[in-house]
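Visitor: As a plain string of letters, each chain reads:
Number of protein chains: 2
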Amino acid sequence: MKNTLYFKLKNKKVQEEVFEAIVKEQESVGYYALPEQDISPIVEFAQTIPDEITQIAVIGIGGSSLGAKAIYEFIKPTRPLKRELHFFESTDPININNLLSKLDFKKTHFLIISKSGTTVETFSIYKYIYSINQNTKAYTFITDPGSPLEKYANSLQSTILHLPNNVGGRFSVLATVGLIPLALASIDIQALLDGALTLKKSFFEAGYIKDTLLKKAVYYARHHEKYHINCIFAYSETLKYFCEWYVQLWGESLGKRQRHSAFNVGQTPIGLIGPKDQHSFLQLIMEGSRDKSVTFIKIENFKDDIVIPDISLKHLEPLDILNNLPFSQLINMQCDSVLEALMEEDIPLDTISIEEVNEKNIGALMYYYELLTSLVGELIDVNTYNQPGVEAGKLILKQKLEKR
Amino acid sequence: MKNTLYFKLKNKKVQEEVFEAIVKEQESVGYYALPEQDISPIVEFAQTIPDEITQIAVIGIGGSSLGAKAIYEFIKPTRPLKRELHFFESTDPININNLLSKLDFKKTHFLIISKSGTTVETFSIYKYIYSINQNTKAYTFITDPGSPLEKYANSLQSTILHLPNNVGGRFSVLATVGLIPLALASIDIQALLDGALTLKKSFFEAGYIKDTLLKKAVYYARHHEKYHINCIFAYSETLKYFCEWYVQLWGESLGKRQRHSAFNVGQTPIGLIGPKDQHSFLQLIMEGSRDKSVTFIKIENFKDDIVIPDISLKHLEPLDILNNLPFSQLINMQCDSVLEALMEEDIPLDTISIEEVNEKNIGALMYYYELLTSLVGELIDVNTYNQPGVEAGKLILKQKLEKR
Numbered sequence: 001m002k003n004t005l006y007f008k009l010k011n012k013k014v015q016e017e018v019f020e021a022i023v024k025e026q027e028s029v030g031y032y033a034l035p036e037q038d039i040s041p042i043v044e045f046a047q048t049i050p051d052e053i054t055q056i057a058v059i060g061i062g063g064s065s066l067g068a069k070a071i072y073e074f075i076k077p078t079r080p081l082k083r084e085l086h087f088f089e090s091t092d093p094i095n096i097n098n099l100l101s102k103l104d105f106k107k108t109h110f111l112i113i114s115k116s117g118t119t120v121e122t123f124s125i126y127k128y129i130y131s132i133n134q135n136t137k138a139y140t141f142i143t144d145p146g147s148p149l150e151k152y153a154n155s156l157q158s159t160i161l162h163l164p165n166n167v168g169g170r171f172s173v174l175a176t177v178g179l180i181p182l183a184l185a186s187i188d189i190q191a192l193l194d195g196a197l198t199l200k201k202s203f204f205e206a207g208y209i210k211d212t213l214l215k216k217a218v219y220y221a222r223h224h225e226k227y228h229i230n231c232i233f234a235y236s237e238t239l240k241y242f243c244e245w246y247v248q249l250w251g252e253s254l255g256k257r258q259r260h261s262a263f264n265v266g267q268t269p270i271g272l273i274g275p276k277d278q279h280s281f282l283q284l285i286m287e288g289s290r291d292k293s294v295t296f297i298k299i300e301n302f303k304d305d306i307v308i309p310d311i312s313l314k315h316l317e318p319l320d321i322l323n324n325l326p327f328s329q330l331i332n333m334q335c336d337s338v339l340e341a342l343m344e345e346d347i348p349l350d351t352i353s354i355e356e357v358n359e360k361n362i363g364a365l366m367y368y369y370e371l372l373t374s375l376v377g378e379l380i381d382v383n384t385y386n387q388p389g390v391e392a393g394k395l396i397l398k399q400k401l402e403k404r
Numbered sequence: 001m002k003n004t005l006y007f008k009l010k011n012k013k014v015q016e017e018v019f020e021a022i023v024k025e026q027e028s029v030g031y032y033a034l035p036e037q038d039i040s041p042i043v044e045f046a047q048t049i050p051d052e053i054t055q056i057a058v059i060g061i062g063g064s065s066l067g068a069k070a071i072y073e074f075i076k077p078t079r080p081l082k083r084e085l086h087f088f089e090s091t092d093p094i095n096i097n098n099l100l101s102k103l104d105f106k107k108t109h110f111l112i113i114s115k116s117g118t119t120v121e122t123f124s125i126y127k128y129i130y131s132i133n134q135n136t137k138a139y140t141f142i143t144d145p146g147s148p149l150e151k152y153a154n155s156l157q158s159t160i161l162h163l164p165n166n167v168g169g170r171f172s173v174l175a176t177v178g179l180i181p182l183a184l185a186s187i188d189i190q191a192l193l194d195g196a197l198t199l200k201k202s203f204f205e206a207g208y209i210k211d212t213l214l215k216k217a218v219y220y221a222r223h224h225e226k227y228h229i230n231c232i233f234a235y236s237e238t239l240k241y242f243c244e245w246y247v248q249l250w251g252e253s254l255g256k257r258q259r260h261s262a263f264n265v266g267q268t269p270i271g272l273i274g275p276k277d278q279h280s281f282l283q284l285i286m287e288g289s290r291d292k293s294v295t296f297i298k299i300e301n302f303k304d305d306i307v308i309p310d311i312s313l314k315h316l317e318p319l320d321i322l323n324n325l326p327f328s329q330l331i332n333m334q335c336d337s338v339l340e341a342l343m344e345e346d347i348p349l350d351t352i353s354i355e356e357v358n359e360k361n362i363g364a365l366m367y368y369y370e371l372l373t374s375l376v377g378e379l380i381d382v383n384t385y386n387q388p389g390v391e392a393g394k395l396i397l398k399q400k401l402e403k404r
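Chains as they are written, first to last, in the numbering used here: chain A, 1 to 404; chain B, 1 to 404.
Wrong hints could be hidden among the right ones.
Copies of the same chain are indistinguishable here, so a pair counts whether it falls within one copy or spans any two.
[What the hints assert, rightly or not] Once the Cα atoms are required to be at most 30 Å apart in a straight line, the calculated DSS-like pairs of lysine-lysine come out as: (1) LYS13 - LYS215; (2) LYS400 - LYS240; (3) LYS400 - LYS314; (4) LYS398 - LYS151; (5) LYS76 - LYS102.
Honestly, the hints are just simulated from the structure, not real lab data.
From just these sequences and the hints, can you work out the full model?
Guide: This is the structure:
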């Protein structure tokens, strides 16, 4: 992974200060240590699921699904996987019916994932599915130790897996929450962690990413009032769900009241996919308000690359300039062209270049974004790891449910 | 469709002025007239495609795919359709391979959609597919009259369908571009137009939506510097691709330099799906910077509704408040709860309520958003219908292609 910044920043002192703060934060925030974890309990659990099980239904929402989905959808188009993953993330009855119609219950194992063990969406869906399929062996539960869900799962004698301490939902992709479904699908979870570890070492042990990440974070924080929309422009369809994961990570971590003021701050995340969104969102970046920073993500080598054939179409001869061009080169030339066009404008830009679509690289990319989020959160003085703003709606819902 | 605004606005004069401007704009902008079109040429074309064809591959990008995709993905989960639609929208080779692996060429008809007839993505993909399948009867072309693509298609003796005059790509969902693939999939395109016509009449003939739309547009325009992010929070998974369509419509229409100033203006569109994004983006709306307006979209009645069963789970008894609740009620209670929580904050809110998932309602909803876009564009003094900002990148790409 390479990261090139196209903006300058001098303030070295702030960079050193935030680095020290993050070094210290490792004591209390759990996600930092995930790349070094021992995955053998996860591998052992995965081996208990028989080969006849070919479908995994993940019943979880937000941090309990977005990370696994991002990695699954990144890898899936590039090679056949052992099992399909299906994500139940909505209380929309059309969606539930639709997902259920794709499952063969005899071949399906259900993962019920809820940190608190009381998530309304997850339990509405679970109750519905459990009323159809009471085979308790078909369910595995992932939750915090001591949660009501753990007690319930114990009463069923079902398998329970725990979340590690102090790992928040949106930082849990490299914990059991993400690794269990991915391992069952035959994603190489050790490679995911190896990728994250490489990135981690490069940051904490003064490798090349340390300087880049610190500069980027300080720049974003210093200019967060002007450039308060942060866009990822990823040139590969495989990164579509990575973008959704990033939106949660960024928006929910950084959008809140400052710890030491009454100000509401935050950066709005936007996930874009190129070249498609050149035909949708680019006009707004190029000529709309100057409130956006943009990070381009490119994949250098695409597996099973294909080439635009050497065909000349009558009356369309000007398009012959495309002939004999591999699609991988075209998509990256499209990315470079948009980047160069934006360089003429007053827009902070950077590029992240990934060698190819594999576990190691997505592990590194996700850890990179987790670190960046932690750094910016520290610098704009918010508590990166809570989400107090979502409680009000939950309380109102509870009152409505009790009143009916 | 009902639309309720939770903000107030008095300025009647501006509302009357912009209404007059839009009435006049109908003379030069083509999309306004689409609801009244005669669909018989489209129906006749659809009848020429034999029943053995069960897959339609749409090769188009941006305005040439987003509208049809939005409607197809809205209706598809609710009933079996005659044909599958597959959208080729990317030059990502992984994506192209993946889509092609799903097609049986003997059962596939290809629609090549390009207004200008020179879209790089569309022709790269077309050339690749044509090199595999040279059966010219398998292709139909949709383009502007006189385009190079029309001449090429004539040389193949293939069917050509035209876009109507003065209809821009992102306003073309109710023209051939959208209606042809949808008709082939057995979507009721007359009902789509009927829905749009009802909305149109309600606006232009002083029905109830006139006042609401004008108020909303004037409010957005007057406060576009403060509330410069416009969120749709749609409580149904079926509206996911509608949100993508809206992002293009809103962002590309409104993000640009003012006609009579050097200012860059624009509103940034965000499409959210509830309840999923309560666990992702809501925190940022609730506690982040006060720069967002939010429109909630609800579906009143879900077909094939299902009910949360009357099961009490040991240790999870507090969740019994969910028992016997239809999912359709739960999802709408979730929407109402978030709406009520946001009402306590300084955030402009409104709700759009749709009776059920059908063609008439999505036709009306899309026409509503087209009108709103036109109104806001007029009020913030931009040319709603062009996209000059995307040209720079295209030129650089052309130079790169010629140089290699």
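Visitor: If a hint holds in the structure, say so; if it does not, say that too.
Guide: Going down the list of hints, with the structure as the test:
1. LYS13 - LYS215: within (11 Å within a copy, 50 Å between copies)
2. LYS400 - LYS240: between (35 Å within a copy, 27 Å between copies)
3. LYS400 - LYS314: Between copies only: 23 Å across, 65 Å inside.
4. LYS398 - LYS151: Answer is within; shortest intra-copy Cα gap is 22 Å, inter-copy 63 Å.
5. LYS76 - LYS102: Both: 17 Å inside a chain and 14 Å across chains, each within 30 Å.
Consistency note: the structure conflicts with none of the earlier hints.
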